[in-house]
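Chemist: Chain by chain, the residues:
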Amino acid sequence: MYTFEYQLPKTLADAAKALASTGGKPLAGGQSLVAAMKLRLAQPGTLVDLRGISELAGIRKEGDALVIGAMTRHADVANSAVVKGAIPALAVLADGIGDRQVRNMGTLGGSIANNDPAADWPAAVVACNATVQTNKRKIAAGDFFKGMYETALGADEIITAVSFPIPKKAAYAKFPNPASRFALVGVFVAQLADGSVRAAVTGAAPAVFRAAPIETALAKSFTPDAAKAVKVDAKGLNNDLHGSAAYRAHLVSVMAGRAVAAAG
Amino acid sequence: MGAIESGFIGQSVRRKEDARFLLGAGQYTDDVTLPNQTHAYFLRSPHAHAKIRGIDTGKAKKAPGVIAVYTSADLEGVNGLPCGWLITDVDGTPMKEPPHPVLAKGKARYVGDHVALVIAETQNQAKDAAELIDVDYEVLPAVVNVVDALKPGAPQIHDEAPGNKCYTWAIGDKSAVDAAFAKAAHVTKLDIVNNRLVPNAIEPRAAVATYSRADDSYTLYVANQNPHVERLLMTAFVLGLPEHKVRVIAPDVGGGFGSKIYLYAEETAMVWASKRVNRPIKWAAERSESFLSDAHGRDHVTHAELALDKDGKFLALRVHTTANMGAYLSTFASCIPTILYATLLAGQYTTPVVYCEVTAAFTNTAPVDAYRGAGRPEATYVIERIVHQAGAEMGIPQDEIRRRNFIRTFPYQTPVALLYDTGGYDACLDEAMRIADVKGFAARKSDAAKRGKLRGLGYAAYIEACGIAPSNVAGSLGARAGLFEAGEVRVHPTGSVTVFTGSHSHGQGHETTFAQVVATRLGIPIENVDVVHGDTGRVLFGMGTYGSRSLAVGGTAIVKALDKVIAKGKKIAAHLLEAAESDIEFKDGKFTVAGTDRSKAFGEISLAAYVPHNYPLDKLEPGLNETAFYDPTNFTFPAGTHICEVEVDPDTGVVSIVSFSACDDFGNIINPMIVEGQVHGGLCQGIGQAMLEHCIYDSESGQLLTGSLMDYALPRADDVPSFKVETKVTPCTHNPLGAKGCGEAGAIGSPPALMNAVMDALSSVGVTHLDMPASPHRVWQAIQSARA
Ligand SMILES: Cc1cc2nc3c(=O)[nH]c(=O)nc-3n(C[C@H](O)[C@H](O)[C@H](O)COP(=O)(O)OP(=O)(O)OC[C@H]3O[C@@H](n4cnc5c(N)ncnc54)[C@H](O)[C@@H]3O)c2cc1C
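Protein sequence lines, in the order shown, are assigned to chains A and B. Counting from 35, one number per residue, gives the positions in the first sequence under the numbering used here. Counting from 4, one number per residue, gives the positions in the second sequence under the numbering used here.
Source of the hints: derived by calculation from the structure; they are not laboratory data. Take these hints with a grain of salt, some might be off.
Claimed, not checked - For lysine-lysine, the following BS3-like pairs were computed, each having C-alpha atoms within a straight-line distance of at most 30 Å:
| hint | chain 1 | residue 1 | chain 2 | residue 2 |
| --- | --- | --- | --- | --- |
| 1 | A | K72 | B | K130 |
| 2 | B | K130 | A | K262 |
| 3 | A | K254 | B | K453 |
Isolated chain A (complex conformation):
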């Protein structure tokens, strides 16, 4: 690890100021950032720890939406009665992230800011058509995730919360990479309040994406067989030692089918 400065602001405004003046990086659970620093792959001059800002954590219902604070830990989502009541799929998703230690530290905000191609949260954010709230603006899910490890966030922009409109039905099915247990392919399907269907896929491509043919099929018939019958195009999908593009394409249909089955 390279040496770095550390700040622990108490308010969102102070955190934004610290980021702007130092050019540093926000620190959430540290589960991605600190690991990268240990490997000397990341070299922030200053870490601005968000843990002291109480308004960033917490889970609440706001009208027809479930709002989860950026600093809410995966474990808190997994165990939340509010989440289980509103969108149980999110609790299941959070409970399937990493291991207990990771879930006790890692946060929703950190996960989507990091936008790892195999992270679980981006699939939920996109499929639920959620809105990412920052200290500056509101960003629609479709505009937030830009590419591998890339988001719409500006340098001193801090995610404050994510607002998930509560869907009619939703479920997440993850096929874990046998080594990392990140998603080799993860599919989040949601039937939104307006009846439209979204199927967001993580792990299969450089960034989260919506599987249009699956959505079309599910719009006609929201059944496991309908999803499973779709032949997904392997073009543009990841092809690496853990799985060929063809295998991932196949798993998208299989996992979509399993998600639909779980959504009930």
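Given chain A, put chain B with the ligand in place with the hints provided.
Modeler: What follows is chain B with the ligand alone, placed relative to chain A:
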């Protein structure tokens, strides 16, 4: 030889060492912190194959906190790392042994090869400085696959090894084998790869080296399985230091699996440097360094053919294996795919003739050496997969084809040099089939089919050679060291005992098992026995722990020392009891005059030995401290049958292990709980190899693609089922404990049992070939190509 059957033997005594581990009071190498300590960091080659045109350390030397920077140019008078086993080529010449420099000299030959050593006040400063070292590399084409390395035109790695060949070696009667094939009713052919593995002990390698000006001596703390061997190799072969000036301490060690047998560059360079900087130096590998630089395991490419008569009797086995040595010969690399592999190819079977040829070659990868099982898993994998395939091809049930070929009379001389002393293969097969509920399999299979799943059952009847080894036999086969073991039993005046053993425990529980043997034999409470290991300054000598040898060889050395203690105790007792020595019996901790109630307790005898007031000083030395060296007369032959049942999900290729049953014959068992733990651990590692683990280098760049646990899949608790483990006993005939060894069996039997189960499951969809690991991706692909 007194029988050892009562007392603590056969009891699942709780592990004495666990108190300190559970309380966090263990002392691992990285826990050793010496006053004025410095930190080492090794700059490693980022290239698989590159000429080193120059190294500029100027800036690094001036960096904050830096004490010294060394490269190969500084290591004047330091020799290369030795290989401990000479293999002779079929053409009569010795194997090619290119230099294995402590720091890369002229060329880097794998990603991770040590290029420079930086010593600084802190670890971070050493790392920072390493980034300032300017190495002028000329990148060369690399070759990582062993078959490719032997092709004409492959990149040449060492000038000393033309065509990258280390040796071609053979065993067995080739013409007899060829003749048998000519008469065969059926021939089964198999091409398989034994996948390369990275050991991954929980504790990474670590070392602390320190020099004392006071007496010109060195102390090395190192995570190692055999400190005396480490010292011998380092002093005599590499650094030219007198052995008595170097103390090697291998304190608590968090797993080894073979990877900590070897003499590595890191600790060697550190011992050398500790005198130059005149301060202690610490280094502990990070996990990514372990991936790059620990000796890897397996990596065989094999073609095998089995000749059978019309009834499924094996007539002959013919095997050709190409073995990857990596970039340099590690300490025991050369003997693994030869002596520890091909000699096991008879398996449990009466195959009358076997021929095996092995070609070993260099590649631009980390050195490959022994890993849990070392050669024997590779042999078992070849035999049991080809037997499975032969059974499937000829329509003979898997248990039946094995039974038709089992060895049943002992001692049995195999056609590949080994002499099996004893065994009972039917008993293990029967028991494994019982606990696996083979009878119920057909019903379970059809039930699974209704759910769209494919079930399979796989057998592996393995044998291994342990208790390594009769030194003269090993010597005649090329070993450059003895393979005996040493032990010392120090009885203290008040009757408590410290045992010193040359075996080393890095998870095996010797402190308990050996104490059980000693407490039973001396009839004293187990609390009164402590076992010391892992320190050349305290233990007389030792060859260390590997090859499941500790109890059979190290334990026997202790028994021999105990015999001497008891013999001397009888002399003392005879004097005190005014009886003839021949009338003294020792039992239950008492020396008794036969047929009387006159006796002396063990503690009274030890006290007399150290307070020799009433003592035969004219005939007998005072004290009660005995040592013994034991050199075995034969290998031991643990064997058993493992049966695995799997269910394959054809939609995803996921293989689920429904049940895993193992019945092993380890000879006499001292502590069943510890043995079961060893079996469980071995099974997990074998299942890891068969389902998950695969070390992959990029074929173009030579980069390690599976360089972390994000890409290299180690088994987790939920990857394995709750094991069903049983044992059967045929005591080893040539050591007093009747023990054979249990440390590796799990990792030997499980890969073929699992793969045979997968092959059985996939046979219904037409899959005929699959290599390890049976990962979801590969299984799915195999199903797709079979369907295509
Ligand atoms: C062993 C292990 C297993 C894992 N397995 C999984 C898995 O199965 N699935 C999965 O999805 N993830 C997994 N993860 C990743 C985990 O979910 C991380 O917690 C997550 O990716 C990052 O969250 P964090 O809170 O730790 O963020 P940090 O590591 O602290 O930060 C990550 C990045 O986000 C930025 N950032 C953090 N918070 C904010 C904010 N509020 N606003 C703007 N930028 C911010 C940081 O500056 C940094 O660039 C795993 C991690 C580990 C170590």
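Chemist: Run through the hints listed earlier and report the numbers of any the structure violates, in increasing order.
Modeler: 2
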